[in-house]
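Visitor: The lines below spell out each chain.
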Amino acid sequence: MEKLLELENIHVSFQTYGGEVKAVRGVSFTLDKGESLAIVGESGSGKSVTSKSIMRLLPNKIGSIKQGSIKFQGKDLAKASEREMEKIRGAEISMIFQDPMTSLNPTMTIGKQIMEGLRKHQNMSKSEAKERSINLLKLVGIPNPELRVDEYPHQFSGGMRQRVVIAIALSCNPKVLIADEPTTALDVTIQAQILDLMRDLQDKTGTAIILITHDLGVVANLAQRVAVMYGGMIVETGTVDEIFYKPKHPYTWGLLASMPKINAESKELLAIPGTPPDLMNPPKGCPFAARCPYAMEVCLENMPEATDVSSSHKAACWLLDERAPKVEPPEEALVGGAR
Amino acid sequence: MLRYITQRILYMLLTLLIIATITFFLMKLLPGSPFNNQDKLTETQRYALNEKYGLNDPVPVQYINYITKLAQGDLGYTFQFDGRTVNSLIVNGMGPSATVGFEALLFGTIVGLLLGILAALRHNTFLDYGAMVIAVFGIAIPSFVFAGLLQYYVGVKLGWLPVAFWNGPEYHIMPAFSLSVGVIATVARFMRTEMLEILGTDYILMARSKGVSKSAVIFKHSVRNSLIPIVTILGPMAIGLITGSLVIENIFAIPGIGEQFVKAITVNDYPVIMGTTIFYSFLIVSIILIVDILYGIIDPRIRVAGGKS
Chain W
0 MEKLLELENI HVSFQTYGGE VKAVRGVSFT LDKGESLAIV GESGSGKSVT
50 SKSIMRLLPN KIGSIKQGSI KFQGKDLAKA SEREMEKIRG AEISMIFQDP
100 MTSLNPTMTI GKQIMEGLRK HQNMSKSEAK ERSINLLKLV GIPNPELRVD
150 EYPHQFSGGM RQRVVIAIAL SCNPKVLIAD EPTTALDVTI QAQILDLMRD
200 LQDKTGTAII LITHDLGVVA NLAQRVAVMY GGMIVETGTV DEIFYKPKHP
250 YTWGLLASMP KINAESKELL AIPGTPPDLM NPPKGCPFAA RCPYAMEVCL
300 ENMPEATDVS SSHKAACWLL DERAPKVEPP EEALVGGAR
Chain X
0 MLRYITQRIL YMLLTLLIIA TITFFLMKLL PGSPFNNQDK LTETQRYALN
50 EKYGLNDPVP VQYINYITKL AQGDLGYTFQ FDGRTVNSLI VNGMGPSATV
100 GFEALLFGTI VGLLLGILAA LRHNTFLDYG AMVIAVFGIA IPSFVFAGLL
150 QYYVGVKLGW LPVAFWNGPE YHIMPAFSLS VGVIATVARF MRTEMLEILG
200 TDYILMARSK GVSKSAVIFK HSVRNSLIPI VTILGPMAIG LITGSLVIEN
250 IFAIPGIGEQ FVKAITVNDY PVIMGTTIFY SFLIVSIILI VDILYGIIDP
300 RIRVAGGKS
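Top to bottom, those sequences are chains W and X.
Residues in the first sequence are numbered consecutively from 0, following numbering that gives the first Met the number 0.
Residues in the second sequence are numbered consecutively from 0, following numbering that gives the first Met the number 0.
Chain W extracted, bound-state conformation (with noise of 0.2 Å):
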């Protein structure tokens, strides 16, 4: 398989008025062709920034990549000028945002906002890429593409107008789509509707997908591998079958566990207690040991290293170490039973 995007030690720091804050401490993965990875973890835990910083969309005076390279096709995006990076946004690589209601340009039409792309990266007249608009409009499922391509944001649904945003996301069929959150915004529904279609066209369009999600139901729907990231690192990456049934990091456990299931036996819904680390002075060892109920001396004091489960299954803790104690994943954290 041939590697599309492939970061390596990828830093992204933030300058604020209390000090530098760390969002990304060191992220490497590859994505391949036509495939679909998902990044997960809560809130803070650096997976937004990690994608913005892929797109060099990182608010420019405050945020910067610190060290690491972005090698797309070769190219390394962590050190291309503003030009070049105008070039592959949205034709190479381009993005979906979290809220529909807030992504679209509510002063210029639909059809604009998908031209917009199309004249710039295929040179297309104005009337090709209106005709195109309208097409892309049909293929993301809104009825009378026709006439609603000269229509405003506010005269369609939360729904349609995350169609509007993956039909312009996809317009000049890039190789890698970033999917922040797609179906946060969204009504459970609807979510599943957003789901299939990107499904559906990206098995039309042979785009890769970077999905970023807390949500682990839309991780198992859409993606075939999945990084867990936490403290602005990734911590286990697998494929989704073996971390959701081979989970070797607790964290990895604690969010599974913390998955509502249809039919557990008791109503509670379970939480990883205590909270994320504070990014600004992160923690010298495992950035989860403060709330890992497995932590043990070495934890707190070294970050462990990314230890190989299988070819593709990757786990960053000690509990992994040939040393460590034999700890068994909790009952919660298991996903039908299967071990």
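Check the hints yourself; a few may be wrong.
Just some of the chain W residues that point at chain X, by a computed CB distance under 8 Å [stated by the list, open to error]: (1) Leu56; (2) Leu57; (3) Glu85; (4) Gly89; (5) Ser93; (6) His120; (7) Asn301.
Derived pair list, reagent style DSBU-like, types lysine-lysine, alpha-carbon separation capped at 30 Å [as the list claims (entries may be wrong)]: (8) W/Lys174 - W/Lys70; (9) W/Lys129 - X/Lys219; (10) X/Lys219 - W/Lys60; (11) X/Lys51 - W/Lys86; (12) W/Lys125 - X/Lys213; (13) W/Lys111 - W/Lys2; (14) W/Lys283 - W/Lys260; (15) W/Lys203 - W/Lys2; (16) X/Lys219 - W/Lys174; (17) W/Lys32 - W/Lys86; (18) X/Lys68 - X/Lys51; (19) W/Lys2 - W/Lys78; (20) W/Lys21 - W/Lys65; (21) W/Lys65 - W/Lys78; (22) W/Lys21 - W/Lys78; (23) W/Lys78 - X/Lys51; (24) X/Lys213 - W/Lys129; (25) W/Lys78 - X/Lys27; (26) W/Lys174 - X/Lys213; (27) W/Lys125 - X/Lys51; (28) W/Lys125 - W/Lys21; (29) W/Lys137 - X/Lys39; (30) W/Lys70 - X/Lys27; (31) W/Lys86 - W/Lys74; (32) W/Lys65 - X/Lys39; (33) W/Lys245 - W/Lys2; (34) W/Lys125 - W/Lys86; (35) W/Lys21 - X/Lys68; (36) W/Lys111 - X/Lys213; (37) X/Lys27 - X/Lys39; (38) X/Lys27 - W/Lys86; (39) W/Lys70 - W/Lys283; (40) X/Lys213 - W/Lys74.
Hints are computed from structural coordinates only; laboratory data are not their basis.
From the three backbone atoms N, C-alpha and C, an ideal C-beta is built for every residue, glycine too.
Given the coordinates of chain W, work out where chain X should sit on it, guided by the hints.
Guide: Chain X only, in chain W's frame:
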């Protein structure tokens, strides 16, 4: 939309009638009368003058007469010059007033917008702070202070521009500039705040994620949307210019409506006071209407709402 506009115009006329009524009676409450401070007039002459202008009739009768004429667009005769109508005074004075006002509004809006956009794009830099300091001064210091300073330094000391009067394009510069300072300040501040807010929205990020160039993001997405509140304040600002020009016209001895108005008040020239007030009110309500219509053109969300009502 047409129904909406007709409705608005009807309300406008009603507003004007109320303003005319209130002004009429308030003016009658003013001490003195047009001819009693001219000591050379005898009692009979004064009576004859009052009779000529209908000032001996009971107040309600005067009111009915005035409103009837007003409805026909006739603002009556001035007391100051024999046989001249208020309409002709206003028409003559309107040229210079409108010119200064328009020049100030145009110049002020353009400079203010540029200043605001620059400040927002260079947020938290020296340029931003500089623009905002200018804006604070512009709002805090009244236009006549600038007028006086300009007259003294540019007009008298340097001698670059004529100090007063209205005899050609070079006479416009100082009054228009003095009037525009407030506009620059207000527009710059609004534009900066609005631009900053819009530059932080998701749809700007979305536009950038499409690969739209920075300049296109600024002009096609941010500036246009930031203009919406500017259009709203443009109305009150135009009104401010009209009232501001009262003072400026006097300082620069511009033969405009403002100057007429001030003179009329000092000599109790009732028809001119009335006429000018009604004319100003007419301008103001018209501006408000125009702003509301403009609003609909810029912001499609309002267009739809307006169309339904």
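Visitor: Give a verdict on every hint.
Guide: A quick look at each hint next to the structure:
1. Evaluation of the W/Leu56 hint against chain X yields a held restraint, the C-beta minimum of about 6 Å falling below 8 Å.
2. Using the Cβ-Cβ criterion of 8 Å, the hint placing W/Leu57 at the interface with chain X is not satisfied: the shortest such distance is roughly 10 Å.
3. At about 5 Å, the closest approach between the beta carbon of W/Glu85 and any beta carbon in chain X falls short of 8 Å, and the interface hint on this residue holds.
4. Nearest Cβ of chain X to the Cβ of W/Gly89: about 3 Å, under the 8 Å cut. The hint holds.
5. With a cut of 8 Å, the hint placing W/Ser93 at the interface with chain X holds, because the nearest CB-to-CB distance is about 6 Å.
6. With its C-beta approaching chain X no nearer than about 6 Å, W/His120 sits inside the 8 Å limit, and its interface hint holds.
7. A distance limit of 8 Å between C-beta atoms decides the matter here; for W/Asn301 the minimum to chain X is near 38 Å, and the interface restraint is violated.
8. For the given pair, W/Lys174 sits about 14 Å from W/Lys70 by alpha-carbon distance, which is consistent with the 30 Å threshold.
9. Distance restraint check for W/Lys129 and X/Lys219: the Cα-Cα separation of roughly 18 Å lies within the 30 Å cut-off, and the hinted pair is therefore satisfied.
10. The straight-line distance between the Cα atoms of X/Lys219 and W/Lys60 is roughly 22 Å, inside the 30 Å bound, and the hint therefore holds.
11. About 81 Å separates the Cα atoms of X/Lys51 and W/Lys86, which puts this hinted pair outside 30 Å; it is violated.
12. A distance of roughly 21 Å separates the Cα atoms of W/Lys125 and X/Lys213; the hinted pair therefore holds under the 30 Å criterion.
13. Proximity of W/Lys111 to W/Lys2 is assessed by CA-CA distance (about 34 Å); at most 30 Å being required, the pair is judged violated.
14. The suggested pairing of W/Lys283 with W/Lys260 is violated, with an alpha-carbon distance near 35 Å, which exceeds 30 Å.
15. Our distance criterion of 30 Å between C-alpha atoms is met by W/Lys203 and W/Lys2, whose separation comes to about 20 Å.
16. Among the hinted pairs, X/Lys219 with W/Lys174 is consistent with the structure: their alpha-carbon atoms are about 27 Å apart, no more than 30 Å.
17. Under the criterion of a C-alpha separation no larger than 30 Å, the hint pairing W/Lys32 with W/Lys86 is consistent with the structure, at around 20 Å.
18. For the proposed pair X/Lys68 and X/Lys51, the alpha carbon gap of about 16 Å is at most 30 Å, so the pair holds.
19. A threshold of 30 Å between alpha carbons decides the hint, and for W/Lys2 with W/Lys78 the separation of about 19 Å falls inside it, so the pair holds.
20. Restraint check for W/Lys21 and W/Lys65: the C-alpha separation of about 9 Å stays at or below 30 Å, so the hint holds.
21. Restraint check for W/Lys65 and W/Lys78: the C-alpha separation of about 11 Å stays at or below 30 Å, so the hint holds.
22. This hinted pair checks out: W/Lys21 and W/Lys78 have alpha carbons roughly 19 Å apart, not beyond 30 Å.
23. In summary, the hint linking W/Lys78 to X/Lys51 is not supported, as the alpha carbons are separated by about 88 Å, beyond the 30 Å threshold.
24. Restraint check: the Cα-Cα separation between X/Lys213 and W/Lys129 comes to about 23 Å, which is no more than 30 Å; the hinted pair holds.
25. Between W/Lys78 and X/Lys27, the direct Cα distance comes to roughly 78 Å. Violation of the 30 Å bound is thereby established for this hinted pair.
26. Between the alpha carbons of W/Lys174 and X/Lys213 the distance comes to roughly 23 Å, so the proposed pair stays at or under 30 Å and holds.
27. Taken as a hint, the W/Lys125 and X/Lys51 pair is broken in the structure, with Cα atoms around 71 Å apart against an allowance of 30 Å.
28. Distance restraint check for W/Lys125 and W/Lys21: the Cα-Cα separation of roughly 44 Å exceeds the 30 Å cut-off, and the hinted pair is therefore not satisfied.
29. Among the hinted pairs, W/Lys137 with X/Lys39 is inconsistent with the structure: their alpha-carbon atoms are about 89 Å apart, more than 30 Å.
30. For a cut-off of 30 Å, the pair hint linking W/Lys70 to X/Lys27 is broken: about 83 Å separates their Cα positions.
31. With a CA separation close to 13 Å, the supplied pair W/Lys86 and W/Lys74 stays within the 30 Å bound.
32. For the hint linking W/Lys65 to X/Lys39, the alpha-carbon distance of about 90 Å lies beyond 30 Å, and the restraint is violated.
33. Our distance criterion of 30 Å between C-alpha atoms is met by W/Lys245 and W/Lys2, whose separation comes to about 26 Å.
34. Of the pairs offered as hints, the one joining W/Lys125 and W/Lys86 holds, with about 20 Å between alpha carbons and a cut-off of 30 Å not exceeded.
35. The suggested pairing of W/Lys21 with X/Lys68 is violated, with an alpha-carbon distance near 77 Å, which exceeds 30 Å.
36. A threshold of 30 Å between alpha carbons decides the hint, and for W/Lys111 with X/Lys213 the separation of about 17 Å falls inside it, so the pair holds.
37. This hinted pair checks out: X/Lys27 and X/Lys39 have alpha carbons roughly 24 Å apart, not beyond 30 Å.
38. Of the supplied pair hints, the one linking X/Lys27 and W/Lys86 is violated, its CA atoms being roughly 73 Å apart against a limit of 30 Å.
39. As the CA atoms of W/Lys70 and W/Lys283 are separated by approximately 28 Å, the hinted pair is consistent with the 30 Å bound.
40. Of the supplied pair hints, the one linking X/Lys213 and W/Lys74 holds, its CA atoms being roughly 22 Å apart against a limit of 30 Å.
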